[in-house]
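> Got chain A; can you put chain B on it based on the hints?
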Amino acid sequence: MSDRYEVRLSGAGGQGLVLAGVILAEAAALYDGINAVQTQSYGPEARGGASKSEVIISDSDIDYPKATAIDLLLCLTQEACDKYTDDLKEKGIIIADSRMVKELPDGNYTIYSLPIIDTAKEKVGKTFVANIVALGVIAHLAEKVSFDSVLQAVLSRVPKGTEDLNKRALQLGYELIG
Amino acid sequence: MSEKVVFYQGNEACAEGALYAGCNFFAGYPITPSTEVAEFLARRLPKQGGAFIQMEDEIAAMAAVIGASLTGAKSITATSGPGMSLKLENLGFACITEVPCVIVNVMRGGPSTGLPTGPSQSDVMQARWGTHGDHPAIALAPDSVQEIFTETVRAFNLAERLRTPVILLTDEIIGHMREKFTIPAEGEIEIWDRPRPTVPPEEYKPYDISEGIIPPMADFGSGYRFHVTGLNHDETGFPTNIPSLVEPEERRLMAKITENLDIIEKYEYMEKKGSKVGVISFGSSARSTRSAIAMAGEGGTSVDFLRLITLWPFPSHVVNEMADKLDLIIVPEMNLGQMIEEVERSAEGKTEVIGVNRVDGEPITPDQILEKIREVS
Numbered sequence: 001m002s003d004r005y006e007v008r009l010s011g012a013g014g015q016g017l018v019l020a021g022v023i024l025a026e027a028a029a030l031y032d033g034i035n036a037v038q039t040q041s042y043g044p045e046a047r048g049g050a051s052k053s054e055v056i057i058s059d060s061d062i063d064y065p066k067a068t069a070i071d072l073l074l075c076l077t078q079e080a081c082d083k084y085t086d087d088l089k090e091k092g093i094i095i096a097d098s099r100m101v102k103e104l105p106d107g108n109y110t111i112y113s114l115p116i117i118d119t120a121k122e123k124v125g126k127t128f129v130a131n132i133v134a135l136g137v138i139a140h141l142a143e144k145v146s147f148d149s150v151l152q153a154v155l156s157r158v159p160k161g162t163e164d165l166n167k168r169a170l171q172l173g174y175e176l177i178g
Numbered sequence: 001m002s003e004k005v006v007f008y009q010g011n012e013a014c015a016e017g018a019l020y021a022g023c024n025f026f027a028g029y030p031i032t033p034s035t036e037v038a039e040f041l042a043r044r045l046p047k048q049g050g051a052f053i054q055m056e057d058e059i060a061a062m063a064a065v066i067g068a069s070l071t072g073a074k075s076i077t078a079t080s081g082p083g084m085s086l087k088l089e090n091l092g093f094a095c096i097t098e099v100p101c102v103i104v105n106v107m108r109g110g111p112s113t114g115l116p117t118g119p120s121q122s123d124v125m126q127a128r129w130g131t132h133g134d135h136p137a138i139a140l141a142p143d144s145v146q147e148i149f150t151e152t153v154r155a156f157n158l159a160e161r162l163r164t165p166v167i168l169l170t171d172e173i174i175g176h177m178r179e180k181f182t183i184p185a186e187g188e189i190e191i192w193d194r195p196r197p198t199v200p201p202e203e204y205k206p207y208d209i210s211e212g213i214i215p216p217m218a219d220f221g222s223g224y225r226f227h228v229t230g231l232n233h234d235e236t237g238f239p240t241n242i243p244s245l246v247e248p249e250e251r252r253l254m255a256k257i258t259e260n261l262d263i264i265e266k267y268e269y270m271e272k273k274g275s276k277v278g279v280i281s282f283g284s285s286a287r288s289t290r291s292a293i294a295m296a297g298e299g300g301t302s303v304d305f306l307r308l309i310t311l312w313p314f315p316s317h318v319v320n321e322m323a324d325k326l327d328l329i330i331v332p333e334m335n336l337g338q339m340i341e342e343v344e345r346s347a348e349g350k351t352e353v354i355g356v357n358r359v360d361g362e363p364i365t366p367d368q369i370l371e372k373i374r375e376v377s
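Going down the list, the protein sequences come from chains A and B. To convert, note that position 38 of the first sequence is 38 in the working numbering; the numbers rise steadily by one, no gaps. To convert, note that position 40 of the second sequence is 40 in the working numbering; the numbers rise steadily by one, no gaps.
Quick caveat, the hints were computed from the structure, so don't treat them as lab data. We put the CB at the ideal spot given by N, CA and C, even for glycine. Any given hint could turn out to be false.
[To be verified] A short, non-exhaustive set of chain B residues, derived as facing chain A with CB atoms under 7 Å:
{"no.": "1", "residue": "Gly114"}
{"no.": "2", "residue": "Thr117"}
{"no.": "3", "residue": "His176"}
{"no.": "4", "residue": "Glu179"}
{"no.": "5", "residue": "Lys180"}
{"no.": "6", "residue": "Pro184"}
{"no.": "7", "residue": "Arg287"}
{"no.": "8", "residue": "Ser288"}
{"no.": "9", "residue": "Ser291"}
{"no.": "10", "residue": "Phe305"}
{"no.": "11", "residue": "Lys372"}
Just chain A, same shape as in the assembly (with noise of 0.2 Å):
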């Protein structure tokens, strides 16, 4: 299961972190041609409560479809960072949201803390596209996909009408790392 590369999406449900999956493996299934396979795991609330959306990336085929060995974690909220910690890997990547998660684990990760929900808020004037934004971190950190196939998979997704905006949403995420 070494080549396997393993994304965990998590913060409150109504967060779009499932569709955040969604994108991010049709990016790596439709549009780099390799495998991915999307799960998620939430409560029974439509909005609030912990969600978590896994994406697993692999050259092979994907037999287990959970996460176990986690490179890349985004942490929403903090009781999504205090709860999904546990399978992230030694030197693993945590992206968090600067704003709402204050307490981040102790241990050997690459942190990035950033202003995820705040610059979705003010530089494109909606909170809901939070989600788009992470996917642009995540297109910068993440190996094995493309920001130009994450791109094409947000415009496939995305309802009519929001293309321009879900755009800006992922080229800023992409440049709040430097």
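Below, chain B alone, put in the same frame as chain A:
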């Protein structure tokens, strides 16, 4: 339609498979984690002349599916454990009246409303024995998005060919999991329709088996008049309690399955040279098993793997042969031990059988299975 590559959820692939098989009727009542099957068919069926109806509950939904099928429609419903429990009475009605239909159960934790969003495989025995009385049962358990598609098509084909309900048994993990898969071109998979009468309406008897054990089925509304009842009936479809008529019919219902195992049974047996341990699993636990067996192989341990795609009827003869060769069979399943009882029965004490079980709403991990393999190797 030519071949098309898409990135779909298992539930969406199930709905797409239903359409490929010619499904033109869905009745259901939404329930997590199966709702996407209904949502997909609600969007697609009306556009192609089919009907989608959300009923007042699961009991009515199952009744509507049977009614639609009696008019000649290829019909399906999708649900999860709590809804499946409600459908069981009418499932038995479909068995005895021999009405083709497909019932999808995307399993979640139970009993009762249990764990709505958590995966489970705890409806294995319900799929076999949930409805009362001796009755035939076919349950198919795919393990990937692609296979959910192909097994849904096969579920319709078996339902039509054998005039019997077929259960597609998936779970929250593969129902909600997304993978790339290929929708085959039209005509690539053969599609079967139920046998229909060749005699004129006035000569038609709905349970006439003079041509074979699957009686031809007329469409209601096509000029053929016949009676349908959940009571034991004779060849005219009217109730009977004459012993010499009841028993042969009861036996025929079962014989439709046992005499057609060549088209019903489906499994993959991956045998390794020199292995002493084997694993038997299905559905999402089979994916964990494949990972575990690959890891064991990297450590130099060979493990046999029997993956069941058809769960019911249970392929006892295959398990029995495995038991001849192996010292131990491991049975991982997301329940407290259901399929393992069939494995033990089939192994006839010739080998040790142990389970790996999990019911906390999380999947069985490859490590859990690997640990068991290492304990005994």
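> Taking the closest Cβ pair, is B:Lys180 under 7 Å from chain A?
4 Å, holds
> May I ask you to test the interface hint for B:Gly114 with respect to chain A, counting a Cβ-Cβ separation under 7 Å as satisfied?
Constraint on B:Gly114 not satisfied, violated at 11 Å.
> Under the criterion of a CB-CB separation shorter than 7 Å, is B:Lys372 in contact with chain A as hinted?
15 Å, violated
> Holds or violated: is the Cβ of B:Ser288 closer than 7 Å to a Cβ in chain A?
OK, holds: B:Ser288 within 7 Å of chain A, min 5 Å.
> Given B:Ser291 was flagged as interface, is its beta-carbon under 7 Å from a beta-carbon of chain A?
Given a least distance of 4 Å, the restraint on B:Ser291 holds.
> Closer than 7 Å between Cβ atoms is the bar; does B:Arg287 clear it against chain A? Give me holds or violated.
5 Å, holds
> With 7 Å as the cut and Cβ atoms as the points, is B:Glu179 at the interface with chain A?
5 Å, holds
> Classify the hint on B:His176 as holds or violated, based on whether any CB of chain A lies nearer than 7 Å to its CB.
6 Å, holds
> The hint names B:Thr117 as touching chain A; please verify it with the least Cβ-Cβ distance against 7 Å.
6 Å, holds
> Hint check: is the beta carbon of B:Pro184 less than 7 Å from a beta carbon of chain A?
B:Pro184 check fails; min Cβ-Cβ to chain A is 18 Å, beyond 7 Å.
> Can you verify the interface hint for B:Phe305: is its Cβ closer than 7 Å to any Cβ in chain A?
Since chain A brings no Cβ nearer than about 11 Å to B:Phe305, farther than 7 Å, the hint is violated.
Of the numbered hints stated above, those contradicted by the structure are hints 1, 6, 10 and 11, listed in ascending order.
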